[in-house]
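Participant: Chain R is fixed; fit chain B with the ligands onto it per the hints.
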Amino acid sequence: MTPAIQANHLNLFYGTKQALFDVDILFEEKKITALVGPSGCGKSTLLRCLNRMNELIPTCKISGEILFRSENILKADPVELRKQIGMVFQQPNPFPKSIYDNIAYGPRAHGEHDTGKLDTIVENSLKSAALWDEVKDRLHDSALGLSGGQQQRLCIARTLAVSPEIILMDEPCSALDPIATSKIETLITDLKQKYTVIIVTHNMPQATRVSDMTGFMYLGKVIEMDETQTIFVNPAEKLTQHYITGKFG
Amino acid sequence: MSYMDNTTKKRVLREGVIKSIWLATALISAVAVAFILGHVICTALSGFLFNTNWNPTGTPPSYGIAALIIDTLLVTLGALIFSVPLGLATAVYISYVAPPRMRDVVKPVIELLAGIPSVVYGFFGMIVLGSFLQKALNIPSGACWLAASIILGIMALPTIISVSEDALFAIPKDYKEASLSLGVTYWHTISHVLLPAAASGVSAAVILGMGRAIGETMAVMMIAGNAAIIPNPIWNVLSPVRTLTATLGIEMTEVATNSMHYYALFGVATILLLITLLINLTSYWLIKRMQTGSCLPDRMRNWTHSEGMRVAVAAVAGIIVVWFLSAVLGILSAVVITAAIGAWYFGREKISPKFAEKSSFGIIYACTAAVILILAIILWDIFANGLPAISWEFLTGRPKQCGLAGGIFTAIVGTLQLVAGAILITLPIGIGAAIYFTEYSHENLLTRALRIGNDLLNGTPSIVFGLFGFAFFVIYLNWGTCMLAGQICLAFMILPTIIRTTEEALKSVPNSLREASLGLGATQWQTIRKVVLPSAAPGILTGAILSVGRAAGETAPIMFTAVVFSKRFITRDVFDPVMALPYHLFALSTTVPDVTTQHYGTAVVLIALVIAIYLAAIFSRRHFQKKLFR
Ligand SMILES: Nc1ncnc2c1ncn2[C@@H]1O[C@H](COP(=O)(O)OP(=O)(O)O)[C@@H](O)[C@H]1O
Ligand SMILES: [Mg+2]
Numbered sequence: 000m001t002p003a004i005q006a007n008h009l010n011l012f013y014g015t016k017q018a019l020f021d022v023d024i025l026f027e028e029k030k031i032t033a034l035v036g037p038s039g040c041g042k043s044t045l046l047r048c049l050n051r052m053n054e055l056i057p058t059c060k061i062s063g064e065i066l067f068r069s070e071n072i073l074k075a076d077p078v079e080l081r082k083q084i085g086m087v088f089q090q091p092n093p094f095p096k097s098i099y100d101n102i103a104y105g106p107r108a109h110g111e112h113d114t115g116k117l118d119t120i121v122e123n124s125l126k127s128a129a130l131w132d133e134v135k136d137r138l139h140d141s142a143l144g145l146s147g148g149q150q151q152r153l154c155i156a157r158t159l160a161v162s163p164e165i166i167l168m169d170e171p172c173s174a175l176d177p178i179a180t181s182k183i184e185t186l187i188t189d190l191k192q193k194y195t196v197i198i199v200t201h202n203m204p205q206a207t208r209v210s211d212m213t214g215f216m217y218l219g220k221v222i223e224m225d226e227t228q229t230i231f232v233n234p235a236e237k238l239t240q241h242y243i244t245g246k247f248g
Numbered sequence: 000m001s002y003m004d005n006t007t008k009k010r011v012l013r014e015g016v017i018k019s020i021w022l023a024t025a026l027i028s029a030v031a032v033a034f035i036l037g038h039v040i041c042t043a044l045s046g047f048l049f050n051t052n053w054n055p056t057g058t059p060p061s062y063g064i065a066a067l068i069i070d071t072l073l074v075t076l077g078a079l080i081f082s083v084p085l086g087l088a089t090a091v092y093i094s095y096v097a098p099p100r101m102r103d104v105v106k107p108v109i110e111l112l113a114g115i116p117s118v119v120y121g122f123f124g125m126i127v128l129g130s131f132l133q134k135a136l137n138i139p140s141g142a143c144w145l146a147a148s149i150i151l152g153i154m155a156l157p158t159i160i161s162v163s164e165d166a167l168f169a170i171p172k173d174y175k176e177a178s179l180s181l182g183v184t185y186w187h188t189i190s191h192v193l194l195p196a197a198a199s200g201v202s203a204a205v206i207l208g209m210g211r212a213i214g215e216t217m218a219v220m221m222i223a224g225n226a227a228i229i230p231n232p233i234w235n236v237l238s239p240v241r242t243l244t245a246t247l248g249i250e251m252t253e254v255a256t257n258s259m260h261y262y263a264l265f266g267v268a269t270i271l272l273l274i275t276l277l278i279n280l281t282s283y284w285l286i287k288r289m290q291t292g293s294c295l296p297d298r299m300r301n302w303t304h305s306e307g308m309r310v311a312v313a314a315v316a317g318i319i320v321v322w323f324l325s326a327v328l329g330i331l332s333a334v335v336i337t338a339a340i341g342a343w344y345f346g347r348e349k350i351s352p353k354f355a356e357k358s359s360f361g362i363i364y365a366c367t368a369a370v371i372l373i374l375a376i377i378l379w380d381i382f383a384n385g386l387p388a389i390s391w392e393f394l395t396g397r398p399k400q401c402g403l404a405g406g407i408f409t410a411i412v413g414t415l416q417l418v419a420g421a422i423l424i425t426l427p428i429g430i431g432a433a434i435y436f437t438e439y440s441h442e443n444l445l446t447r448a449l450r451i452g453n454d455l456l457n458g459t460p461s462i463v464f465g466l467f468g469f470a471f472f473v474i475y476l477n478w479g480t481c482m483l484a485g486q487i488c489l490a491f492m493i494l495p496t497i498i499r500t501t502e503e504a505l506k507s508v509p510n511s512l513r514e515a516s517l518g519l520g521a522t523q524w525q526t527i528r529k530v531v532l533p534s535a536a537p538g539i540l541t542g543a544i545l546s547v548g549r550a551a552g553e554t555a556p557i558m559f560t561a562v563v564f565s566k567r568f569i570t571r572d573v574f575d576p577v578m579a580l581p582y583h584l585f586a587l588s589t590t591v592p593d594v595t596t597q598h599y600g601t602a603v604v605l606i607a608l609v610i611a612i613y614l615a616a617i618f619s620r621r622h623f624q625k626k627l628f629r
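Chains as they are written, first to last, in numbering that gives the first Met the number 0: chain R, 0 to 248; chain B, 0 to 629.
Looking at chain R on its own, in the form it has when it is part of the complex (with noise of 0.2 Å):
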């Protein structure tokens, strides 16, 4: 079991409001987890921690580590860490571009301009999202034309193009459709052959289908983390039981 990114003692104000409290927890790599509890709780928090999104709100205060490749990235540079680091938001948010120039638009900033490489990567990426079939004839179009569905699964590939390690994703499927949700459930198991995955999900049952791990959150601490068969079938916490039995929230 190697960790893929880990984090230790995090505590998290917005303002005077502590969202998280010392918080400690691994994710491993090459495994998709999940994070689950009550809305509120602070798991987009917590997600968003891990590529200092956070950092975008000006009352927010990090102190503790969170260590990636045994470096403090909270000490590190955040453009950097971001393209290790990427992330899938909960309402699909494509550019105002067509859909090449949404997929080519990390790899261009990042220094790559050769027309042909640019083009390999534009089709591999919308390959892995599952996308390339719908929209390989109409790469130039614009990107908003396309179904909610397929814009978010355009996000995940916008993702991939810039190769991450690490994928961050905070409720994906939330706006989605269940035809739609079950074709980005399919690509998300697809993606942990070569990708570490992080899942925010309100869904049990996504949680249960997709992921391997799952930590349950409550008031902005980590409860308990386990295999998901564990946590869903023979959780250690009261807390944990009650969650994922519906007895609350």
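Please note: incorrect hints may appear among the correct ones.
[What the hints assert, rightly or not] Using 27 Å as the maximum straight-line C-alpha spacing, the simulated DSSO-like pairs for lysine-lysine come out as follows:
1. Lys126/R - Lys220/R
2. Lys60/R - Lys357/B
3. Lys9/B - Lys106/B
4. Lys353/B - Lys60/R
5. Lys74/R - Lys16/R
6. Lys82/R - Lys353/B
7. Lys175/B - Lys18/B
8. Lys82/R - Lys349/B
9. Lys175/B - Lys357/B
10. Lys106/B - Lys82/R
11. Lys60/R - Lys116/R
12. Lys175/B - Lys116/R
13. Lys172/B - Lys353/B
14. Lys60/R - Lys16/R
15. Lys106/B - Lys74/R
16. Lys353/B - Lys116/R
17. Lys29/R - Lys191/R
18. Lys349/B - Lys116/R
19. Lys116/R - Lys126/R
20. Lys182/R - Lys16/R
21. Lys172/B - Lys60/R
22. Lys16/R - Lys349/B
23. Lys172/B - Lys74/R
24. Lys220/R - Lys29/R
25. Lys220/R - Lys237/R
26. Lys357/B - Lys82/R
27. Lys126/R - Lys29/R
28. Lys175/B - Lys60/R
29. Lys246/R - Lys349/B
30. Lys357/B - Lys74/R
31. Lys175/B - Lys16/R
[Claimed, not checked] Not everything, but these chain B residues come out facing chain R in the computed CB check (under 8 Å):
32. Tyr174
33. Glu176
34. Ala177
35. Leu179
36. Ser180
37. Gly182
38. Ser190
39. His191
40. Val192
Think of the hints as simulated: they come from the structure by calculation, not from any bench. Owing to the predicted nature of the structure, the values given are computational and were not obtained by experimental measurement. Backbone N, C-alpha and C define an ideal beta-carbon position, used for all residues, glycine too.
Facilitator: Just chain B with the ligands now, with coordinates in the frame of chain R:
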């Protein structure tokens, strides 16, 4: 309809009557527009097309206005060359870079810049900029194309900044997060995602800024040199020029009614109207695109995406900028700047994103600082020189020696009378029309026509109102120069703003409030009077006060219609002429060569008056907002 007893019928009747009143006000405003535009255009046409007295060899012999159009375009181009980069950088700073506290400083500065009356800009341009250019460049007169472009650029800045800022603000935050999460720098995100996404709105900002520059009269008249010649060679920025608006401002009072010259001036005004129309339509179209979020049409996309097109645009822009720089700063500095830009362009793929971000933000800070510095210099110059002139006698005394000495009491009172009259005329019509548009009308042909009429009137150069007022009230109705004519001209000028701000205020009242009131059985008029108008009042009031501020600083609409150079007594009859602060400053600056504290004192009082009105608007808005949400 058995449930309709007599009182119900009466109520229905009353509702109908009230609705008709608002329709009438909407019609009045539309008819006013149609009348003004129609009058100007018809006069021009009757002179040009139907005048059988073709006399090309008479004196003056020729009315070729090509030189005027070219000069107008050149002056506008010069203004945009530096106001667009400065304005865009400042807008980016305000929307994306500034910490909240800095934003709260910079935004009011921009609003202040917009509030300075154009005659004060002209005065500053004459006295400070003109003599600076004269000495620095060793030219006979500082009044030239360059000076006009600089001043107009400054005047266009607030429009460019605030409209682009709105456009940038409307871009979804999602784009920023998506881009940053790919490990892209913030600057790259701004330049490659956010700005392109706002392209339509930003272009609209540039076009509206251009409209601002083309429509300005007073400032240009004071600093452009006013020779109706095409610069020779064409890039000679030190040549005097004369714009379309300045021509109207200078010649209107000198011509004999119904002479060829008279009709030619209306022809000039018609061209101005056409330009305004074009500008309004383009910006309307662009902003619409922005709101519907559509990308460029495919054909245009292929265009803008083709490498050749980009290089061509860059080359043309580059040549224009280099030419302008070399004229202004000399060949050497132009070469240095071009080399720097060229090095950046070809090396940009090699330089690290970090460095690109740092240097770009550096440029953005510098541009914002420059904008603030410009305002500081103008205000400092005016207040430092003008405050010593302010005394009790100056404020309350009557003018002596035709206004060259003594106080400016009659000018202050005259200005207040003019704006009070204007707002009294325009408020009922404007608010009524807005109520009709938002509360009663369902979109149909009539309302659309009325709305378009209103939008067309908006942004019409203020000199056109002066021209119309002169031809119609002063000459045709034979009122002579009088206060009422000026009040009506100012009223027409601010009517579109009043209608628009009232509409916005009414629209911002949530529909649930209306439905709640109607659901309780209130009639539509009761709902409007008891529920809608009270919640919209702060917005309406703010709009009205801002319009008053604008009217107080305007010179062009009253110049031929209402004012005289000096008047010892307060005007008591609306058919008598008045003295007004902005015109007083204009007349002093253009007729009295030596700058006295009299000039500066008048400028200070004028600015202080306008700023006080704006502050009143800001405070009343705060006051009402607090009351409303307590
Ligand atoms: N930008 C913010 N400013 C202040 N408080 C925030 C902000 N974002 C989230 N919070 C608070 O932090 C807590 C955790 O939020 P979040 O991580 O979004 O929860 P989850 O994703 O589990 O629903 C919540 O109580 C929320 O109110
Ligand atoms: Mg969340």
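Participant: Which numbered hints are broken by the structure, listed smallest first?
Facilitator: 1, 3, 7, 10, 11, 15, 20, 22, 29, 38
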